[in-house]
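2 protein chains.
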Amino acid sequence: MSDELLRQLVDVLKMGPTSANQSPARIIFVKSLEAKKRLEPHLSEGNRAKTMSAPVCAIIGYDMKFYDHLPKLFPHADAKSWFEGKPEEVVETSAFRNGSLQGAYFIIAARALGLDTGPMSGFDNAAVDREFFAGTSVKSNFLCSLGYGDPSVLFPRSPRFAFDEMAKII
Amino acid sequence: MSDELLRQLVDVLKMGPTSANQSPARIIFVKSLEAKKRLEPHLSEGNRAKTMSAPVCAIIGYDMKFYDHLPKLFPHADAKSWFEGKPEEVVETSAFRNGSLQGAYFIIAARALGLDTGPMSGFDNAAVDREFFAGTSVKSNFLCSLGYGDPSVLFPRSPRFAFDEMAKII
Chain A
289 MSDELLRQLV DVLKMGPTSA NQSPARIIFV KSLEAKKRLE PHLSEGNRAK
339 TMSAPVCAII GYDMKFYDHL PKLFPHADAK SWFEGKPEEV VETSAFRNGS
389 LQGAYFIIAA RALGLDTGPM SGFDNAAVDR EFFAGTSVKS NFLCSLGYGD
439 PSVLFPRSPR FAFDEMAKII
Chain B
289 MSDELLRQLV DVLKMGPTSA NQSPARIIFV KSLEAKKRLE PHLSEGNRAK
339 TMSAPVCAII GYDMKFYDHL PKLFPHADAK SWFEGKPEEV VETSAFRNGS
389 LQGAYFIIAA RALGLDTGPM SGFDNAAVDR EFFAGTSVKS NFLCSLGYGD
439 PSVLFPRSPR FAFDEMAKII
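Sequence order for the protein chains is A and B.
One point on numbering: in this note's numbering, the residue at position 126 of the first sequence is 414, and numbering is uninterrupted.
One point on numbering: in this note's numbering, the residue at position 146 of the second sequence is 434, and numbering is uninterrupted.
To be clear, the hints were calculated from the coordinates, so they are not data collected in a lab.
The structure displayed is predicted, hence computed values, not measured ones.
Heads up, the beta-carbon is just placed ideally off N, CA and C, and yes, glycines get one too.
Worth double-checking, as some hints may not be accurate.
[What the hints assert, rightly or not] Which bits of chain A does chain B cover? Going by a derived footprint, with three or more residues having C-beta under 8 Å, they are:
1. 333-343
2. 365-374
[As the list claims (entries may be wrong)] A short, non-exhaustive set of chain A residues, derived as facing chain B with CB atoms under 10 Å:
3. 382
4. 386
5. 437
6. 445
7. 451
8. 456
With the hints as extra help, turn the sequences into a complete structure.
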C-alpha cells in the first residue's frame, strides 16, 4: 500500500466537520514490520493474526491539547479559551466525541478510496499510548486495519435495527 | 421536509459499522413547532434562532443499555456479556465512541441525500436528557439541524491541517 494512498485518505477525511473545527484526530499508520511488532503484544488475542497480515494498521488517536491549534483552525473566534484550563472531563468529552467523528470519516473515506477496513477496539489503550504516544498529549481511540479483504472469508453484514427501534419523529 | 426523507437517512446511516454492531445511536427528529419549543430553552444563545428556523433538528443520543439488543444485532457471539454488569465507564466509553461514529454517518448520509447539516454541541445535555429521554437509558450526544442552507450566508470552510500535522507513517 503506497504512502500516497494514505496521504489521499487523510486529505479526504480531514474535510469532515468537527465542533469549532477542532480536528483532534491524530493518526499513526503502522506499516513497517518493525512498527507492527511494537503493536502486536497490545492487541486482543483474536485481533493479532489479522492485524499482522494487513498491509497497514492505523492507530486513530485524539489530542487532548487540540485547543492549541484553534487560533489557526478557527481563526474567526477565540475558541482556544473555550477549552484551555477547563476541567479535563470537558476537554476529554470534546476530544473523544470529535476524534470519533473523524474516525468515522476515516472509515468512510478509506472505503471510498477502494480499501477494506477492519476497525477494532479490542486492544490495550493504555499500553498503546505508552508505546506510541509517550511524551505527547495524544490518547488512542481505536485501531483500523486497511487492505483488500478476501470476500470468501468476510462475514456477511449483521442485522440492523428497523427505523422505529432507533429513531422517532416528533 | 418529508418523514420519508428522514427514514431514508436512518436507513443509510445505520449501515455504517460499529464495534460488535452495537448500534447505540438513538435519534429524535424534532420537527413540529411544539417539539422545537421544548428544545429551544436548552440551546446556547447563539444556536437558538438558527435551530428554530431549520425544518428539523435531530437529537443524536446513545443508549447506555445498547447491550440488551446484542443477541439480535450480533447473533453469532454472546456480546451482551462483554458489557452487561461491567463498570459504567466501560459501557459509556463504548456507547459514546460508537454513538459518535454513527453521528458522523448521520452527517455524511444527510449530505449524500442532498441536505445541509448544522451539527452542534452548544446545548445543555443534562436538560435535553431530562426533557426528551426521561425514563430511558439514552443520553444526548450532539444535535444536528437539517435543511437547505442559503449559500449567501454560509461560512467558508475553515483551514485544515497538512498531513504531517495530524498523521505519520511508521
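Status of each hint after checking the structure:
Coverage of the region 333-343 of chain A by chain B is violated [criterion: at least 3 residues with CB-CB distance below 8 Å; count 0]. Beta-carbon proximity to chain B at under 8 Å applies to 0 residues in the region 365-374 of chain A; the threshold of 3 is not reached and the given coverage is violated. With a least beta-carbon distance of about 7 Å to chain B, the hint placing residue 382/A at the interface is held under the 10 Å criterion. Below 10 Å, beta-carbon pairs count as interface contacts, and residue 386/A has one with chain B at about 8 Å; its hint therefore holds.
Annotation: interface hint on residue 437/A violated; nearest CB of chain B at approximately 13 Å, more than 10 Å. Against a cut-off of 10 Å between C-beta atoms, the interface hint on residue 445/A holds, since the closest Cβ of chain B lies about 8 Å away. Given the 10 Å rule on beta carbons, the hint for residue 451/A holds: about 5 Å separates it from the nearest Cβ of chain B. Because the beta carbon of residue 456/A sits about 6 Å from the nearest beta carbon in chain B, less than 10 Å, this interface hint is met.
Going down the numbered hints, you'll see the structure goes against 1, 2 and 5, while the others check out.
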